[in-house]
Amino acid sequence: MDQAHPLLELTGATVRFGADAALRDVSLRLFPGEVHSLMGENGAGKSTLIKAVTGALRMDEGELRLDGERVEFATPHEAQRAGISTVYQEIELLPNLSVAENIFIGRDVGRSGLVSRGEMVARAREVLGGLGLTDVDPRALLGSHSVAVQQLVAIARAVTADVRVLVLDEPTSSLDVDEVAELFRVIRELQSRGVAILFVSHFIEQVYEICDRITVLRDGVLVGEYLTRELLRIDLVHKMLGHDATAHRERENPSADRPEGEVLLSARGLRVGQSLEAADVDLGKGEVLGVAGLLGSGRTSLARALTGVARADAGIIRIEEHAVDLDSPRRAITLGVVYSSENRLRDGIVAELSVLENITLALQAERGALKPIPMDRRRELAQSWVDALDIRPADLDRPAGLLSGGNQQKVLLARLLALSPRLLVLDEPTRGIDVGAKVEVQNLVGELADNGVSVVFISAELEEVMRVGDRVAVLRDGRIVDTLASGELTADALLALVAQPEDEGE
Amino acid sequence: MTATMTRSEGRSEKRTGASVSVQGFFTRHSALMPTFAALAILLLLFAGAEAFLRGDFITPRNISALLLDNAYLLILAVGMTFVIVTGGIDLSVGSVMAFTGILGAKLLAEGMPVAIAIPVILAGGAVIGLIIGVLVQYFNVQPFIASLAGLFLARGLAFVVSLSSIKVEEPAILWLQSTRFSVGGWYITPTGIIALLAVAVAAFVMHLTRMGRTVYAIGGSESSARLMGLKVARTKVMVYVISGFCAGLAGLVLTAYSGAGYPRNGIGTELDAIAAVVIGGTLLTGGRGYVIGSMIGVFVYGTIKTIITFMGAEQSWMQIIVGALLLLFIVVQRAIVARSEGRG
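Chains as they are written, first to last, in numbering that gives the first Met the number 0: chain A, 0 to 505; chain B, 0 to 343.
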C-alpha cells in the first residue's frame with residue numbers, strides 16, 4: 000500500500016488559536032480503500048485536524064493535497080464538492096424532513112430550483128439499498144428513526160456526493176453492539192469501493208477491528224503513523240498518553256471485608272413503564288455496584304427510578320430500612336441520592352455558565368434562592384473541587400462548555416459531590432472522554448467508595464464495569480438477570496450474560 | 000409475574016395487528032396531525048353553528064363571505080407561515096399592512112396610475128421585510144426585536160403619510176372588491192382569488208422548490224442546514240421579504256375591502272395572523288407546518304368571529320375562544336414533539 004499514491008495528503012499542518020498552537024507541523028496520509036484511525040487523547044488536536052481537512056477551519060501553515068493536487072477549502076461545502084465528506088458525532092441532519100430529503104437536500108435532483116420527490120425517493124432507495132439498508136423507508140421522517148439509522152443516513156448522504164474521503168467523527172459513541180456491526184459492514188462496503196475513510200473513535204477495540212492504519216497525535220504534535228497489525232494495544236496507549244497509562248489503582252477488595260448488614264439502599268420489584276420490570280437492587284455502604292447492559296436494556300430507567308427522576312410504577316425503595324417515596328430528584332437529593340445523566344450536555348453541564356457556577360449550582364439550589372452562598376465561599380468551594388478533581392484548565396470563570404468532555408464530566412461530578420451525597424448514580428460517566436480522564440474518573444469512584452459513599456456505576460464498557468464495580472448487576476431486556484461479584488467474572492462471561500437472548504436464558 | 004407476561008403479549012399482538020399502511024402514513028406525515036386537528040375543529044364549528052342556528056349557518060352566502068372578510072388575514076398568514084417555519088416571527092405585518100394601505104390610497108388620491116401605485120406598495124412591504132431580514136441574519140438581532148422595530152417603523156410611516164382616513168375612488172381598486180363572480184348563491188371576489196392564489200403559490204414554493212425545502216431545513220436545524228451547504232443566509236432574509244411582500248398585498252386587499260386607507264388599520268392583526276398559523280398546525284419553534292394549515296387556521300378564526308356575530312355575543316368572547324384554542328393547540332404540538340423526541 001505504501002507504493003500507491005495517497006489520495007489525501009496533509010503536510011506541515013499548523014493551526015494556532017491566539018498564542019497557543021492547537022496543531023504543530025502535523026502530517027496525515029490517507030490511501031484509497033483504507034480505513035485510517037486518528038487517535039489521541041482529548042485536546043490532542045484530533046478535532047482541529049479534522050476541521051482543517053474538511054474546510055471548517057483554515058490552517059495557518061501547511062498544505063493539503065487531494066490526488067496529488069494542491070487544494071484549499073474555505074468552507075465544508077467546498078470540501079464536500081471536492082469529495083471530502085464528514086459525518087459528525089452529533090448527527091447534523093434535519094429530523095423534520097424525510098430520509099430521502101436528508102440524503103439529497105442541497106444536491107441537484109430535479110431541474111431549476113424544483114424538487115422532484117419521486118426521483119428523490121427512488122434514488123434514495125437505490126443509495127440505501129447499495130449500503131444494504133433496504134428496510135429504511137426513504138419517505139419516513141428522519142426523526143422517527145433510531146439514532147443508529149440516522150447515523151447511517153448521514154453516511155448515505157455523504158456517499159451520494161461522489162465521496163472519495165469520508166471522515167467519521169466518533170460515529171459509534173451512541174450505538175449498541177448490533178448497530179456498530181451494521182456500521183462496520185457499511186464501512187467495509189465503502190472501503191471496497193476505494194473510499195478512504197478516516198475513523199475517529201475512543202473505542203480502541205473498534206479501532207483494531209476496522210482500521211488498517213493508525214495516526215497518533217499528542218498535544219497537537221504528530222507521534223507517528225503505524226500499521227494497526229504491527230502496533231500492540233498497550234503501545235498505542237503509551238503513545239497516546241506519552242507515559243505509562245495512569246495505572247488504575249486497585250482497591251483492596253472491600254466487598255470481602257465489608258461488614259455485612261450495613262445496607263444503604265434496597266429496592267424490590269421496581270417497574271418503570273415497559274423498560275424495567277421486577278428489578279431488585281441491594282447496595283451496601285461504600286459499595287460500588289456496576290451495571291452492565293446494552294442500550295435499551297433498562298439501565299437508564301433503573302438509574303432514573305433510583306434517583307427520583309422517573310417515578311417507579313411499582314416497587315419499594317428503602318434507604319437505611321426506611322421506605323421512601325422518591326417522587327422527584329429534589330426529594331432524592333435531600334435523602335443524599337444524586338444522579339449524573341448519561342447525556343451530560345443536555346441534562347448536565349450548563350455550557351454558558353462558568354465552571355464556578357456549574358459546580359455550585361446544585362448546592363445553591365438546595366439552599367434555595369433566598370439564601371445565596373457568599374461569593375468568597377463559592378469561589379473557595381469551587382476551587383477546592385477543581386484542585387481535588389484536577390479540572391483543567393483550572394480557570395473558574397471559563398464557560399464550562401469550552402472544557403473538554405472529560406473535564407466537563409469532572410465539573411459535573413464536582414457539582415454532585417458538593418452535595419455530600421450518600422449514593423451517587425453515574426450513568427455512563429466515561430462516555431466520550433479520553434483514556435486518561437477515564438482512569439481518573441474510575442479512580443475517583445474508588446476513592447469515594449473508600450470514604451463510605453455508595454456508587455451505582457453504569458457503563459457500556461464491560462471491562463470498566465468489572466474493574467470499578469465490587470459487584471456487577473447484569474440487565475437484559477428490562478430485567479436484572481444476575482448480580483455477581485466482579486472478582487468471579489471474566490469479560491467473556493459478562494459479555495455472554497449481557498448479550499444472551501431471552502430464549503436461551505430460561 | 001405470569002399474569003404480567005400474558006398481558007404484555009396481548010398488547011404486542013394488538014400492535015402488530017394494526018394496519019401497517021395506516022401506521023406508515025402517520026409516521027411519514029406526523030407533522031400533518033395538528034393540521035388535521037384544525038380541520039376537525041373547523042368542521043365541528045360548522046356543524047355546531049348549523050345545529051344551533053337551525054340550518055341558517057352553512058349557506059353559500061356565509062361561506063363565500065368567510066373568504067371575502069378574511070382575505071387580508073389569509074394573505075398575512077401565508078407570509079407568516081414562511082417566517083414561523085424557519086423558527087422566526089414577524090410582528091410587523093399588521094403595521095406594514097396599514098402603511099402600504101394608506102400609502103396606496105394617498106398615491107391614488109394624488110393621481111398616480113394604478114399600474115405604478117400597486118407595484119410601489121408591494122415593493123414598500125418587501126423593503127420593510129428586507130430590513131427586518133437583514134437585521135435578523137447579518138446583525139444577529141432576535142426576530143422578535145427586529146420585527147418589533149419594523150412594527151414601529153411601519154406604523155410611524157403610516158402616520159407620516161396621513162393622520163386620517165383617505166377614501167379610494169379609483170375604479171380598478173374598487174373593482175377588486177365589488178366584482179362578484181357567482182355560481183348559484185356562491186360568489187368570489189378578485190380579492191378572494193388573490194388570497195387563494197397566494198396560498199397556492201406559497202404551497203408550491205414550500206413543497207416543491209429548493210428554497211421551500213431550505214425554509215423547512217432551517218427550521219429543523221439551522222447549523223445542520225448550513226453544514227449541508229444550503230443557502231441559509233439568503234433564505235432567511237427571503238422569508239422576511241416574502242412576509243413583508245404579503246403584508247403589502249394584504250394592505251392592497253384591505254384598502255379595496257374597506258374602500259379607504261386608514262393609518263390605524265391592523266393594530267394587533269399580526270397576532271391574529273400568528274394565532275391562525277399556530278391553530279393551523281405550524282410549530283412555533285419551526286420546522287413543521289403547512290400553508291394549507293394556515294388557511295384552515297384563518298377559516299377557524301373567521302368562523303368563530305362569524306358565529307359570535309350571529310349570536311350577538313360580546314366580541315370579547317372572540318378573544319377568549321381564540322385564546323383557548325391557541326392554548327389547546329400549543330399543548331397538542333408539545334405532545335407531538337415530545338412523542339417524536341422520545342422515539343428518536
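Read the hints as simulated data drawn from the structure, not as lab findings.
Note that the structure is predicted; figures quoted are calculated from it, not measured.
Among the clues, some could well be false.
[As the list claims (entries may be wrong)] Residues of chain A placed beyond 12 Å of chain B at every Cβ, according to the derived structure:
| id | residue |
| --- | --- |
| 1 | A55 |
| 2 | D175 |
| 3 | E204 |
| 4 | D211 |
| 5 | Q382 |
| 6 | S403 |
[Claimed, not checked] These stretches of chain B come out as covered by chain A in the derived footprint (C-beta under 8 Å, 3 or more residues):
| id | segment |
| --- | --- |
| 7 | 142 to 152 |
| 8 | 222 to 229 |
For glycine and all other residues, C-beta sits at the position ideal for the given N, C-alpha and C.
We went through each hint and held it up to the structure:
1. A55: violated, 9 Å
2. D175: holds, 15 Å
3. E204: holds, 27 Å
4. D211: holds, 28 Å
5. Q382: At roughly 35 Å from the nearest Cβ of chain B, A/Q382 sits farther out than 12 Å, so the non-interface label holds.
6. S403: Holds, because the least Cβ-Cβ distance between A/S403 and chain B comes to about 21 Å, which exceeds 12 Å.
7. 142 to 152: Our answer is that it is violated, as 0 residues pass the Cβ test (under 8 Å) against chain A, missing three.
8. 222 to 229: holds (count 7)
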